Each structure stands twice: as C-alpha cells, then as structure tokens.
Amino acid sequence: MIFLEMFLNFLKIGLFTVGGGYAMLPLITDTVVSKGWLTTEQVMDFVAIAESTPGPFAINVATFVGNLVGRAELGGVGGAALGVLCAVSGLFLPSFTIILIIYKLSSKFMKNKVVKDAFYTLRPTVVALIASAFVSIAAATFLMNGGDGTKSMNWFGLAWFVLCFAALRGFKKKLHPILVIILSAGVGILYYGVILGGI
Amino acid sequence: MMIKGKVKLHFTLFATFFRIGLFTFGGGYAMIALIEREVVERRNWISHKDMLDLLAIAESTPGVIALNTATFVGAKIGGFWGALSSSIAVMLPSIIIISAIGAVYELFGANKYVQWAFLGVRAAVAALILNAVFKVFKSVDKSVLSYSVMAVTFVLALLSVFNIIPVDIVFIILGSALFGILWGYFKRKKGKKPPTAEQQISATGEEEADK
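Protein chains in written order, with the working numbering: chain A, 303 to 501; chain B, -8 to 202.
Isolated chain B (complex conformation):
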C-alpha cells in the first residue's frame, strides 16, 4: 500500500512538471504562473507564501529558474527522488522537441528559404535580447553603486566579447559578487560605530600624538 502510494505520488509529480515544461514558452518567468496554478491551486502541494519564498530562492541562486523551482517543489513533496523526477520531467519536453527540431535544422538549414527566414529573424532576436536587458534592469536598485558596477562590468564584458582582453565572463561575475560582499561588509562596519564628534577629536588627537 505504502509503496503504491509513493509510486502514485511520484507519477503525479512527474506528470505535473512534464505538463509545465510542455506548455510554457520562454521559460523562467513565463513558467511561474503555470507552476503556481498547478502546484498551489490545483494540487495544494505548497502554500502561496511558500511559492513567493521559493521564487526568491529560484531567482537568486545559480542555474535555470524553472529547474530550480521544480527541484524545490519536488524535494518538498517527495524528498530526493521527488526532486529528481520533477526536475527531469520539466526538462524532458524541451529535450524531445528540440532534438527533433535539431535533426530538421540539420536537414533544412541549408535551404534557401530557411536561410532567408533566419536572416529576417535575426533582427527580432537582437530586439528580444535588448528587451531582456530592459527587463532585468527593472530589478536593479537605482543607486550610484549599482550604476557604477554596471558601467565597469559592461566595459569589461565588451573587452572580453571582442577579444581585446579575453577575461572569462565567470571572473566578471565572481568579481562583482565579491565586490558587493566587501562593500556591504565595510558599510556595516562603518555603520555600526558611527563616529561621534568626541571620538573623532580623540582619533585626530592620537594621530597627532603619533606624529
């Protein structure tokens, strides 16, 4: 009985996330609405508040957002195996469909009409990517620090992209995270002990004494 119930649960998890993978276009944020409907409203697996927490985690951990969400919900419902089955399920439609298209692309990629169509689509892809820039920009805190980091990393990334200084993009990401951590650390250190006028006078007094 127990085993039967478990198998059924894993099957439901798998089927649910397979459907989510199959019916969302664009991934990530587009998927969230469907995941919420299936997992929160239909199955009652997690609460709405859990879903919000989960989103914050999925967005701010490395990796694919849809995959992060599936793994988390799967772990909550069915432990390790639940996490495994739901995360594989969410990827499977992609893998099947794109593999089929890959074979077709190989066959028809050299076709004149297909090439003209893709030439036309390239302008749209450039627009999609620029659109993504604006979307992510919305989540950025509007401060001098943010804008400075953006400017510096943009220049570094351009130098890398055009092979002028071939730094690995990973180092730009790591450097930026490290800078943020250090900045926060020193800011808090400074903020914890706001130097009073008295302390400042004694500090300058000491400095003078040192001289």
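The following block holds chain A by itself, in its conformation from the complex:
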C-alpha cells in the first residue's frame, strides 16, 4: 500500500531531521528516488517551486510529492488529496507531538547537557548531509543524458550555476532566491529552447 508507505516514510523524515527545510532535503530525495516514486530531476523541479511559493519549504515539498504520487496511484483529485494527506500528516505528527511534550516538560529540556552534546555533533552532520544531497543533485544537473545513453558535461549549466551561487551569496549584489529562479527559467527557455533549438 503506497499511501501507508508514504505516511510512514514522511513520519521517519519528520522524526529524524533537525533544522527543518533544506536539512530535510537529503532524506526526502533519498527516500522518494530510491522508492522509485520520483526522479532526481522531478525533486529539483519541486525545490524550485517550493522556494518560489509561500509556506514552509518542507511542507511544500511533502505536498508536492503526495500530490504526484497519489495522483499516479489512484488518479484524479481523490488520489491526490489522499496522497497529500498521508505525506503531510506524516511530517506533521512528530513535530506536533514532540513540541507538545517539550511544552509540558518546560524549556529546561533544551538546556540539558546530553541534548547539547547531541546537537554539537548533529550540526556538522546536517551540513554533511545537505552537502551530499548537493553532490548528487549537481551530478544530475551537470551530466546530461545524451540520446544514445552517453553522458555529456553541461558546461552552460555549470557556468550559470556559478553565477547563481555568486548572486545568492551576495557577490557584488545579493539577489533574492525567487528572482534567481525566475531569471534562470527565462535563461533556460532562451538557451535550451532558442539557442540549442530544443533537446
């Protein structure tokens, strides 16, 4: 039952990722790609959409995954709604329960030495996990599949990536992520459609 599986997997993601948003991305990508629910390219499309629409990033991504997987499984609005419900409630339950427990226990919990020790090594781990998600996504972005099964380097994509990164980090002028995404969409149509004549 794919719906139950989706609920349980998002429950796991909600329970084991600290730091929210992008910290959840490695786990989400790993899960949905290895289960064969989505491709790495689809996940990247979602990241772009989630970043440029309102609301918590992780909830946006979960809604998207639930929507697409549910629609593919059952079809129609009903399947999509059930998929969204499973994915989002899976992500929601750990957050909700843990915060209510901590609320009852009072915030002293966070000043606990053991909790602090755990977070001391968790933070560098989160950096490493997001970095590994970056490597796999970069590999999917910059190595393009040729028609005959060969892979070729996408030099234009790499160059545009460097420009985007410089713009986000504020080299010369800092640009808002949404602006960077919209600009990239325009450049994509121009380069892949007009200059390369479609692929």
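Among the hints, a few may not be true.
Below, simulated DSS-like cross-link-like pairs (lysine-lysine); rule was C-alpha separation at most 27 Å, straight line [to be verified]:
hint : chain 1 : residue 1 : chain 2 : residue 2
1    : B       : Lys180    : A       : Lys415
2    : A       : Lys475    : B       : Lys129
3    : B       : Lys133    : A       : Lys415
4    : B       : Lys129    : A       : Lys476
5    : A       : Lys418    : B       : Lys126
6    : B       : Lys40     : B       : Lys67
7    : A       : Lys476    : B       : Lys133
8    : B       : Lys126    : A       : Lys475
9    : A       : Lys418    : B       : Lys(-3)
10   : A       : Lys406    : B       : Lys40
11   : A       : Lys476    : A       : Lys314
12   : B       : Lys178    : A       : Lys415
13   : B       : Lys133    : A       : Lys418
14   : B       : Lys126    : A       : Lys314
15   : A       : Lys418    : B       : Lys67
16   : A       : Lys415    : B       : Lys129
No lab work stands behind these hints, which were simulated from the structure alone.
Please read all numbers here as calculations on a predicted model, not as lab measurements.
For this one, chain A is given, so just place chain B on it according to the hints.
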C-alpha cells in the same frame, strides 16, 4: 460567554497562523520575522524573551521549524486545541497552493517551454542547495571534533547517495547524535576528576604492582 471567547481566541490563532503561512516564502528562518511581528508585537501573546527560547527549541527539535513554532505558540495560548489549530493553519496555505500547482504541473509538465525553463532552473536549485550548506555551516562550532564528524558523515552520506554502501541516512543521524552524547559524557567524566600528579603516580604504581 466563556465558549464564545474561546471560539474567538481559536479563530484569531487560526487566522494569524494562516496569514503567516500565506505570506512567507522559503519557510523556516524567513518565517521567524513575521511570527515575531504577529505574535509578539501585534498580539502580545508571548514576550520577546519567550520568542528567543522558542526559537532555540524549534531549531533543535526534529521536524519542520515553522510547524514547531506554531505548535508551541498555539499550546501556550490555547492548550492542545490551540496547538492543533495554529499548526494546521500554518500548513494550510501551502497545501492549497501546492495542490493547485501540482495539477497544473501534471498538465503542463510535458510542455516544451516548461521543460526548458525547468532545465534552466536546475542550475539555480543546485546553487540554492549549496547556499544552504554554507548557511548551516555558520552554526557549526569551529573545532577539530566538528570537522572530523563532518568529514566522516559526508563520506558515509556520499556512499549512501550513490548506492555504494546503501546505509539509511537515519542511521547516520542517529550515530552522530549518539557519538556526540558519548563524547560529552566521557569528556565530563574526565574533566570532573582532573588527575593530579600524585594520583597519576599512585595509578602507575598500582599498575606496576599488578604486573
């Protein structure tokens, strides 16, 4: 009267967090400024100091940061039902908007122009993710321990991502937390009783006696 007041409070909670969910892009940290303005300055539900404590909790507990914050404020104002209504409210705009976009994506995803646009956007997404790496890196304590943990978990995560050794990422996270707890425990144990020269001599003396 009582019931009416309660209903009104829950409605206000719901409306406030719905607005927060609707008007912040990027979630998490981007949301914090808006939550502070609505909850601390406008409604006076919690104090500024509470907000800082709350942030520390929301950041360092598992789950979605925006959701954690909404649940906490909701619980403080309206108990269990307050927590439920504010956390659902903060997610609802996302669910509605993304579901609508999902249907459109299904319809137009195969469109040539849309595909070219997404091809272009992929480079930007890679840049966004690398940017997230740098942002989180700022919160990392600069020490040999941190860097070693980072290096080891990075290699393990890469092995997992490329299916060379398919370890579940959850085990990397759990292992790292456990390592931190053990490290802290032994460090404190060692720190509590700093071995004086005398003790060390007697210790080596005992060892020699054992032999």
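For each hint, the structure was consulted:
1. B/Lys180 <-> A/Lys415: Judged against 27 Å, a Cα distance of about 13 Å means the pair holds.
2. A/Lys475 <-> B/Lys129: Judged against 27 Å, a Cα distance of about 21 Å means the pair holds.
3. B/Lys133 <-> A/Lys415: Holds - the C-alpha atoms of A/Lys415 and B/Lys133 are around 19 Å apart, at most 27 Å.
4. B/Lys129 <-> A/Lys476: 18 Å, holds
5. A/Lys418 <-> B/Lys126: This hinted pair holds, its Cα atoms lying about 20 Å apart.
6. B/Lys40 <-> B/Lys67: Status holds; Cα separation ~14 Å.
7. A/Lys476 <-> B/Lys133: The given pair, whose Cα atoms are some 26 Å apart, holds under the 27 Å limit.
8. B/Lys126 <-> A/Lys475: 18 Å, holds
9. A/Lys418 <-> B/Lys(-3): 38 Å, violated
10. A/Lys406 <-> B/Lys40: With a Cα-Cα distance of about 18 Å, the restraint between A/Lys406 and B/Lys40 holds, given a limit of 27 Å.
11. A/Lys476 <-> A/Lys314: 36 Å, violated
12. B/Lys178 <-> A/Lys415: 12 Å, holds
13. B/Lys133 <-> A/Lys418: Satisfied, since the Cα-Cα distance of roughly 16 Å is no more than 27 Å.
14. B/Lys126 <-> A/Lys314: Distance ~24 Å between B/Lys126 and A/Lys314 Cα, so the pair holds.
15. A/Lys418 <-> B/Lys67: Distance ~24 Å between A/Lys418 and B/Lys67 Cα, so the pair holds.
16. A/Lys415 <-> B/Lys129: Roughly 22 Å separates the two Cα atoms, so the pair holds.
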